[in-house]
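Here the protein sequences line up with chains A and B, keeping their order.
Reminder that position 211 of the first sequence reads as 211 in our numbering, one-by-one numbering, no gaps.
Reminder that position 34 of the second sequence reads as 34 in our numbering, one-by-one numbering, no gaps.
No lab work stands behind these hints: they were computed from the structure.
It cannot be assumed that every hint is accurate.
Here are the computed lysine to aspartate or glutamate pairs in the EDC-like style, where the Cα-Cα straight-line distance is at most 20 Å [what the hints assert, rightly or not]:
#: 1; chain 1: B; residue 1: Lys67; chain 2: A; residue 2: Glu216
#: 2; chain 1: A; residue 1: Lys379; chain 2: B; residue 2: Glu88
#: 3; chain 1: B; residue 1: Lys67; chain 2: A; residue 2: Glu413
#: 4; chain 1: A; residue 1: Lys410; chain 2: B; residue 2: Glu28
#: 5; chain 1: B; residue 1: Lys67; chain 2: A; residue 2: Glu83
#: 6; chain 1: A; residue 1: Lys379; chain 2: B; residue 2: Asp61
#: 7; chain 1: A; residue 1: Lys410; chain 2: B; residue 2: Asp61
#: 8; chain 1: B; residue 1: Lys67; chain 2: A; residue 2: Glu6
#: 9; chain 1: B; residue 1: Lys67; chain 2: A; residue 2: Glu375
#: 10; chain 1: B; residue 1: Lys67; chain 2: A; residue 2: Glu377
#: 11; chain 1: A; residue 1: Lys415; chain 2: B; residue 2: Asp61
#: 12; chain 1: A; residue 1: Lys65; chain 2: A; residue 2: Glu375
#: 13; chain 1: B; residue 1: Lys57; chain 2: A; residue 2: Glu413
#: 14; chain 1: A; residue 1: Lys105; chain 2: A; residue 2: Glu70
Partner residues aside, some chain B positions facing chain A, computed with beta carbon under 10 Å [unchecked claim]:
#: 15; residue: Phe9
#: 16; residue: Arg16
#: 17; residue: Thr21
#: 18; residue: Asp41
#: 19; residue: Phe42
#: 20; residue: Gly43
#: 21; residue: Ile44
#: 22; residue: Asp50
#: 23; residue: Gln51
#: 24; residue: Lys54
#: 25; residue: His94
#: 26; residue: Ile97
#: 27; residue: Tyr101
Cβ-Cβ distance ranges computed for the label pairs, FRET-style [stated by the list, open to error]:
#: 28; chain 1: B; residue 1: Lys108; chain 2: A; residue 2: Glu371; range: 29 to 37 Å
#: 29; chain 1: A; residue 1: Glu216; chain 2: B; residue 2: His27; range: 35 to 43 Å
#: 30; chain 1: B; residue 1: Arg85; chain 2: A; residue 2: Thr385; range: 25 to 33 Å
#: 31; chain 1: B; residue 1: Glu129; chain 2: A; residue 2: Glu343; range: 20 to 28 Å
#: 32; chain 1: B; residue 1: Asn107; chain 2: A; residue 2: Glu343; range: 28 to 36 Å
Cβ coordinates follow ideal geometry from the N, Cα and C atoms, glycine included.
One letter stands for each residue in the lines below.
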Amino acid sequence: MIWNPEAECMPPEQRRRLQLAHLKNLVERVYEKVPFYRKKFQQAGITPKDIRSLEDIQKIPFTTKDELRETYPYGLLAVPEAEIEEVHMSSGTTGTPVVDAYTKKDIDVWSESMARTLAMAGTTRNDIIQNAYGYGLFTGGLGVHYGAKLIGANIIPMSSGNTSKQILVMRDFKTTILTCTPSYSLFLAEAAKEEGIDIRSLSLKAGCFGAEPWSENMRKEIEEKLGLQAYDIYGLTEITGPGVSSECEMKNGLHINEDFFYPEVIDPETGKVLPDGAKGELVFTTLVKEGTPLLRYRTRDITFLFHDECPCGRTTVKMHRLFGRTDDMLIIRGVNVFPSQIEQILMAVEGTDPHYLIVVERGASHLDELEIMVEVEAKFFTDETRGLETIRSKIEHEIKSKLGISARIKLVEPKTIERSIGKAKRVIDKRKI
Amino acid sequence: MIIKQISIFLENVAGRLAEVTKLLAKHEINIRAMTIADTADFGILRIVVDQPEKALKALRDGGFTAKTTEVLAVEVEDKPGGLARVMEIFQQTHVNIEYLYVSLEKNKDKAVVIFKVEDLKLGQKIVEEHGLGGTVSF
Ligand SMILES: [Zn+2]
Chain A
1 MIWNPEAECM PPEQRRRLQL AHLKNLVERV YEKVPFYRKK FQQAGITPKD
51 IRSLEDIQKI PFTTKDELRE TYPYGLLAVP EAEIEEVHMS SGTTGTPVVD
101 AYTKKDIDVW SESMARTLAM AGTTRNDIIQ NAYGYGLFTG GLGVHYGAKL
151 IGANIIPMSS GNTSKQILVM RDFKTTILTC TPSYSLFLAE AAKEEGIDIR
201 SLSLKAGCFG AEPWSENMRK EIEEKLGLQA YDIYGLTEIT GPGVSSECEM
251 KNGLHINEDF FYPEVIDPET GKVLPDGAKG ELVFTTLVKE GTPLLRYRTR
301 DITFLFHDEC PCGRTTVKMH RLFGRTDDML IIRGVNVFPS QIEQILMAVE
351 GTDPHYLIVV ERGASHLDEL EIMVEVEAKF FTDETRGLET IRSKIEHEIK
401 SKLGISARIK LVEPKTIERS IGKAKRVIDK RKI
Chain B
1 MIIKQISIFL ENVAGRLAEV TKLLAKHEIN IRAMTIADTA DFGILRIVVD
51 QPEKALKALR DGGFTAKTTE VLAVEVEDKP GGLARVMEIF QQTHVNIEYL
101 YVSLEKNKDK AVVIFKVEDL KLGQKIVEEH GLGGTVSF
């Protein structure tokens, strides 16, 4: 089902004119209202008048995640603070969050994007959506919620966790659409089995899965184990949240809501824009964003763009399922984690510059398991097992409270962890995704 | 008397223990007492040797995390009730014991037991007052 045929099936030429009008309006707004952008324009020697075609967007400097952190909390605000109706944020490398602030219109755009996403998975007002994305600062929960409200479907705001109740609700309220991370869907299937419930025989017909990397193999497994159609959805907090792009019933690439989010793919080294089909770093410009607009924001996600004549009838550009990241960010149970964050915690606890190795696995439970091997150095070695156990549980506690994820700390002997020349290998990702 | 014990971190206790003993043998270091404290994941080997400084250097050069700890070497009569008497003295004088283990050392008819106590100075004082270890040497 196509939620907004006029926008989603618009002739490409007409859409380009619309995008250009939005872009011109956007650069004028931010040049006038946001000193951060005005300075960047001046440094690049351009003014809003230099943006006369969509290609001219390439004259505009990129915006990076570091800059979002440096301008925390409201350095990118393009409207008076009173216009802001909602704020979301994601954790950053250094603990300074990255902020997304929404006006009433921004929430409307988000709702519209998510309505399109849910509709692509077949959602109508007759459906019952069980939303197991976390509600709160994380955009997953409320993003789905707003889309469901716009469609008029019945939304059950489960939030994440509470597995037994999820299964109970799924059975008793005849959930038709499940929204959660792909790994959690498999966890649910296992848990249901243990409770003697055949999840396939319930009313599920589709699922919108995102917020962590997954694969075609995993799609097959999910569809088989849950008895539903599994769709990939994409978004990031900085660019509104979920709803940036999603799969239609063809399951061949994700349609980007490009009337709102203008995509480019660049060579991460040179910054040069790449043609359709060439893999590179995904960059977005939030064409209609009012609260915290982003110009050419580097997502660090790797994919390529392509235009096809999708049998679904939509004319929007597509992006391939993500291939990975340009940085070392790990996504563990939907939480973004950088090795440098773990390193900082180890340094704080031990008072040394430790040798460590992060091992990520997706175990029998289908959930990501994180193990951190830490070499025991003379400086924090104590004669008693109790002393080392204390250090270990302190590290585990700090990681849980600072990063929101559980990690198993394994203390190992010096030189256990392989030293490589140059940059140390900090991560082994064993997940088969 | 107070002596130096060497503690060594062992990730894989069974496999690595042999390497420690081999390394010490190579350097002609004699092990006089030994104990292992282990958890599910790792262990700490504690040894008393005849040349602690040399042993520490050899172990560190060999890639082990090792450090020295001061412990008490206490003479205990090698007969029923011998250890009980020492334990009773420590209890009455509030010397808190963290752990203890026996050594291969023998001083006439007395066995030498290694005590790790919370307050080393207090422990040393009590040992001297009760004549429990003045002549021990390794
Ligand atoms: Zn399509």
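Structure-based check of each hint:
With a C-alpha separation of about 52 Å, the suggested pairing of Lys67 of chain B with Glu216 of chain A is violated against the 20 Å cut-off. A threshold of 20 Å between alpha carbons decides the hint, and for Lys379 of chain A with Glu88 of chain B the separation of about 36 Å lies outside it, so the pair is violated. Between Lys67 of chain B and Glu413 of chain A the alpha-carbon distance is near 14 Å, which keeps this suggested pair within the 20 Å criterion. The hinted pair formed by Lys410 of chain A and Glu28 of chain B fails the criterion: a straight-line CA distance of about 33 Å is larger than 20 Å.
A hinted pair counts as satisfied when its Cα atoms are at most 20 Å apart, and Lys67 of chain B with Glu83 of chain A does not qualify at roughly 62 Å. This hinted pair checks out: Lys379 of chain A and Asp61 of chain B have alpha carbons roughly 16 Å apart, not beyond 20 Å. Under the criterion of a C-alpha separation no larger than 20 Å, the hint pairing Lys410 of chain A with Asp61 of chain B is inconsistent with the structure, at around 23 Å. For the hint linking Lys67 of chain B to Glu6 of chain A, the alpha-carbon distance of about 74 Å lies beyond 20 Å, and the restraint is violated.
Between Lys67 of chain B and Glu375 of chain A the CA atoms are separated by roughly 15 Å; this keeps the pair inside 20 Å, and the hint holds. Note on Lys67 of chain B and Glu377 of chain A: the hinted pairing holds, with a Cα-Cα distance of about 10 Å set against a maximum of 20 Å. Only pairs whose Cα atoms come within 20 Å are accepted, and Lys415 of chain A paired with Asp61 of chain B is accepted, the gap being roughly 12 Å. Between Lys65 of chain A and Glu375 of chain A, the direct Cα distance comes to roughly 32 Å. Violation of the 20 Å bound is thereby established for this hinted pair.
At most 20 Å may separate the alpha-carbon atoms for a hinted pair to count; Lys57 of chain B and Glu413 of chain A meet this at roughly 17 Å. Our distance criterion of 20 Å between C-alpha atoms is broken by Lys105 of chain A and Glu70 of chain A, whose separation comes to about 26 Å. This hint holds: Phe9 of chain B has a C-beta 5 Å from the nearest C-beta of chain A, less than the 10 Å allowed. Annotation: Arg16 of chain B was flagged as interfacial toward chain A, and the flag holds, the nearest CB pair being 7 Å apart, inside 10 Å.
Of the supplied interface hints, the one on Thr21 of chain B is violated, with its beta-carbon coming no nearer than about 16 Å to a beta-carbon of chain A, more than 10 Å. Here the hint on Asp41 of chain B is kept, as its CB sits about 6 Å from the closest CB of chain A, short of 10 Å. Proximity of Phe42 of chain B to chain A holds as hinted, the smallest CB-CB distance being about 5 Å (cut-off 10 Å). For the restraint placing Gly43 of chain B at the interface with chain A, the shortest Cβ-Cβ distance is roughly 8 Å, inside the 10 Å limit, so the hint holds.
For Ile44 of chain B, the interface hint holds, the least distance from its beta-carbon to any beta-carbon of chain A being 6 Å, beneath 10 Å. Because the beta carbon of Asp50 of chain B sits about 20 Å from the nearest beta carbon in chain A, more than 10 Å, this interface hint is broken. Interface restraint check for Gln51 of chain B: the shortest CB-CB distance to chain A comes to about 19 Å, outside 10 Å, so the restraint is violated. Interface hint at Lys54 of chain B: violated, since its Cβ lies 17 Å from the closest Cβ of chain A, which is beyond the 10 Å cut-off.
Interface hint at His94 of chain B: violated, since its Cβ lies 20 Å from the closest Cβ of chain A, which is beyond the 10 Å cut-off. With a cut of 10 Å, the hint placing Ile97 of chain B at the interface with chain A is violated, because the nearest CB-to-CB distance is about 13 Å. Proximity of Tyr101 of chain B to chain A is violated relative to the hint, the smallest CB-CB distance being about 13 Å (cut-off 10 Å). Range check, Lys108 of chain B to Glu371 of chain A: about 53 Å between beta-carbon atoms, so the 29 to 37 Å window is missed.
Between Glu216 of chain A and His27 of chain B the beta carbon distance is about 58 Å. The supplied range of 35 to 43 Å is therefore violated. The beta-carbon spacing between Arg85 of chain B and Thr385 of chain A, approximately 29 Å, falls within the hinted interval of 25 to 33 Å. In this structure the supplied range 20 to 28 Å is violated for Glu129 of chain B paired with Glu343 of chain A, their Cβ-Cβ distance being about 51 Å. At roughly 51 Å, the beta-carbon separation of Asn107 of chain B and Glu343 of chain A lies outside the given 28 to 36 Å, and the hint is violated.
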